[in-house]
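Trainee: These are the residues of each chain, in order.
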Amino acid sequence: MTRILLLLTCVVLTVLPFFAGRSTLFLGMEILVIVALSQAWNLAAGYGGLLSLGHHAFVGIGGYALYALSRDLGIHVLFAVPLAGVVTGLFALAVTPILFRLRAVYFAVGMWVAAEIVRILVMRADWLGGASGLPLAGARDLPRAWMSPAAYWMALAVALGTTCLVWWLMRSEFGLRVRALRDDEVAARSIGVKPHRVRLTVFVLSATATGMAAAVSFFSTLFITPLGAFDMGWVITIVFVTVIGGMGRLSGPVLGAALYFILRESLADFGNWYLIALGVAAILTMLVLPGGLASLMDPFFNRSKTVKEQP
Amino acid sequence: MMLEVRGLAKAFGALTVIDDVSVTVSGGQALGVMGPNGAGKSTFFDLLTGITPADAGQVCLNGTDLSRLSTEARVRHGLVRAFQIPKPFATLTVREHLILAATAGAGLDRKAALREADNVLERTGLTGLAAQTGGSLRLLDRKRLELAKTLATRPRVILLDEISGGLTEGEVHALVDLIHSLKSPDLVILWIEHIAHALSATCDRIMMLHLGRKVIEDTPDKVTSDARVRELYLGAVPHA
Ligand SMILES: Nc1ncnc2c1ncn2[C@@H]1O[C@H](COP(=O)(O)OP(=O)(O)OP(=O)(O)O)[C@@H](O)[C@H]1O
Ligand SMILES: [Mg+2]
Chain A
1 MTRILLLLTC VVLTVLPFFA GRSTLFLGME ILVIVALSQA WNLAAGYGGL
51 LSLGHHAFVG IGGYALYALS RDLGIHVLFA VPLAGVVTGL FALAVTPILF
101 RLRAVYFAVG MWVAAEIVRI LVMRADWLGG ASGLPLAGAR DLPRAWMSPA
151 AYWMALAVAL GTTCLVWWLM RSEFGLRVRA LRDDEVAARS IGVKPHRVRL
201 TVFVLSATAT GMAAAVSFFS TLFITPLGAF DMGWVITIVF VTVIGGMGRL
251 SGPVLGAALY FILRESLADF GNWYLIALGV AAILTMLVLP GGLASLMDPF
301 FNRSKTVKEQ P
Chain B
1 MMLEVRGLAK AFGALTVIDD VSVTVSGGQA LGVMGPNGAG KSTFFDLLTG
51 ITPADAGQVC LNGTDLSRLS TEARVRHGLV RAFQIPKPFA TLTVREHLIL
101 AATAGAGLDR KAALREADNV LERTGLTGLA AQTGGSLRLL DRKRLELAKT
151 LATRPRVILL DEISGGLTEG EVHALVDLIH SLKSPDLVIL WIEHIAHALS
201 ATCDRIMMLH LGRKVIEDTP DKVTSDARVR ELYLGAVPHA
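Respectively, the protein sequence lines represent chains A and B.
Quick note: the first sequence, position 1, residue 1 per the numbering used here, numbers continuous.
Quick note: the second sequence, position 186, residue 186 per the numbering used here, numbers continuous.
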């Protein structure tokens with residue numbers, strides 16, 4: 001039953017561009033990007049225990065990678081999007097020797113500092129347009145009419161892909177390692193789990209997905225600036241969505257994103273009040289529903305993501 | 001199989017907890033470890049597995065020096081311990097604990113790990129609890145799971161830290177039988193326990209620790225009849 005519903009949802013989401021107008025598509029794209037970003041953050045923070053407050057570094061790098069790859073290497077935007085994810089993942093890999101020395105709160109702050117440093121470096125890089133930013137050179141790669149459906153479909157692909165990745169990872173043997181480490185690191189190491197390797201994998205995958213989702217988002221804007229790309233607002237939104245929805249749960253980012261956009265759209269006429277509403281919603285959820293909105297669904301779903309019992 | 005420990009030492013600040021302890025145990029043998037509360041028994045295991053770094057000394061398995069390896073790397077060499085205070089994974093089912101131990105610890109592939117998990121469930125009497133999460137287990141089952149986890153890693157040296165606590169007389173007998181059945185030339189067993197008769201029934205030798213020092217290491221008969229041991233155990237006031 002749930003399977004049929006999920007399949008139906010996917011089909012509806014896929015054919016939406018044939019029915020929906022441009023503004024609906026744009027909103028849909030935004031929602032899907034936030035779902036993808038939150039799934040990616042949830043993978044690192046909710047499952048992997050890597051509480052990053054610097055994921056906007058990956059957003060910015062993914063975005064800028066798309067612009068640089070399509071301008072300097074002439075790569076078609078449709079291929080530049082996944083490549084932007086790869087670039088972001090490689091960046092994440094490169095910073096782990098330093099950042100993985102930090103734990104818990106120190107890691108969170110370290111990530112934030114890293115994001116600030118990257119933003120400042122990008123603002124000073126003339127080949128990336130400095131503080132004033134860049135236009136998307138690859139915009140010509142696609143006919144005008146296909147721009148917003150393409151952005152929407154890419155967002156859908158990244159959101160579904162990231163969700164499936166997390167789902168698949170967590171029911172694999174690797175997922176057992178991730179969950180064991182989160183539950184008790186000493187116990188996990190004592191039966192042979194290598195914490196560094198597990199965290200590295202989770203972190204790089206999270207960064208890759210984040211970079212891809214960001215590339216999609218900045219593909220649709222046709223212009224990128226350091227202030228927009230490395231805006232701390234990204235990580236704040238992602239954290240809110242994931243915490244409200246439910247950390248370490250697959251449905252968390254989806255439910256959180258739903259609530260976020262309902263609040264944002266219904267309070268759109270009241271300026272930034274939706275941010276306050278969101279803050280209140282977050283605090284209320286943490287008080288009343290520590291497991292997030294996803295824990296409301298527990299009675300309806302068997303949420304144990306266990307390894308299959310028989311081979 | 002041969003475990004050689006040479007000159008192991010550890011101090012926490014001014015407090016020396018393990019003081020120049022050396023011992024050799026070969027495959028097929030079980031070494032009992034006794035000592036009053038706070039003698040340093042658990043810390044001795046912490047140093048063997050490397051979860052606490054030693055100040056000095058060596059841990060060698062079959063001539064390979066493990067002293068500089070991480071805990072998880074030592075597990076790959078077969079050195080595994082069961083914790084005195086059980087450490088189950090709250091969100092993993094009992095079966096998943098064993099699958100993880102078999103893949104991460106023994107390096108088995110998925111199929112072999114599933115078989116190994118079921119095998120260990122059977123041997124440790126946990127089959128009925130296979131689908132329960134670690135967080136939902138009673139203390140006694142947590143202790144059983146602690147032992148089961150170590151077995152699923154296909155150990156070559158198994159360090160058991162007071163796994164019989166809270167068991168009834170009959171259950172202690174069953175445990176003694178289980179440990180007897182584990183004995184093989186490919187396995188070294190070290191077992192910390194306060195129950196002298198359980199150790200005497202399974203161990204080839206018993207080592208007595210007091211204030212971090214090895215007081216005596218001999219056959220169970222000799223150790224249990226030793227005057228110093230009797231004095232320490234009668235005079236010992238549990239404080240931990
Ligand atoms: N991390 C630590 N820091 C400081 N002191 C410690 C630490 N760990 C253990 N100790 C001390 O080392 C001594 C030995 O502790 P240990 O747990 O090894 O004793 P034990 O022989 O296992 O006792 P029990 O029979 O109660 O389990 C105790 O005095 C304890 O307080
Ligand atoms: Mg102890």
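Rather than coming from a laboratory, the hints here were simulated on the basis of the structure.
Nothing here was measured: the structure is a model prediction, and the numbers come from that model.
Please note that a few of the clues may not be correct.
If the Cβ cut is set under 10 Å, some of the chain A residues that face chain B in the computed set are [as the list claims (entries may be wrong)]:
| hint | residue |
| --- | --- |
| 1 | Asp-183 |
| 2 | Gly-192 |
| 3 | Lys-194 |
| 4 | Asp-269 |
| 5 | Gly-271 |
| 6 | Asn-272 |
Cβ coordinates follow ideal geometry from the N, Cα and C atoms, glycine included.
Trainee: Hint check: is the beta carbon of Asn-272 of chain A less than 10 Å from a beta carbon of chain B?
Mentor: violated, 38 Å
Trainee: Can you verify the interface hint for Gly-271 of chain A: is its Cβ closer than 10 Å to any Cβ in chain B?
Mentor: The hint is violated - Gly-271 of chain A has no Cβ within 10 Å of chain B, the shortest such distance being about 42 Å.
Trainee: Should the interface hint for Asp-183 of chain A be scored as holding, given a Cβ-Cβ cut-off of 10 Å against chain B?
Mentor: holds, 4 Å
Trainee: Does Asp-269 of chain A hold up as a contact with chain B if the rule is Cβ-Cβ below 10 Å?
Mentor: With a closest approach of 43 Å, the Asp-269 of chain A hint is violated.
Trainee: Is the interface hint satisfied for Gly-192 of chain A? The criterion is a beta-carbon contact with chain B at less than 10 Å.
Mentor: holds, 4 Å
Trainee: Is the interface hint satisfied for Lys-194 of chain A? The criterion is a beta-carbon contact with chain B at less than 10 Å.
Mentor: Holds, because the Cβ-Cβ distance from Lys-194 of chain A to chain B comes to roughly 5 Å (cut-off 10 Å).
Going through the hint list in order, the structure does not satisfy hints 4, 5 and 6.
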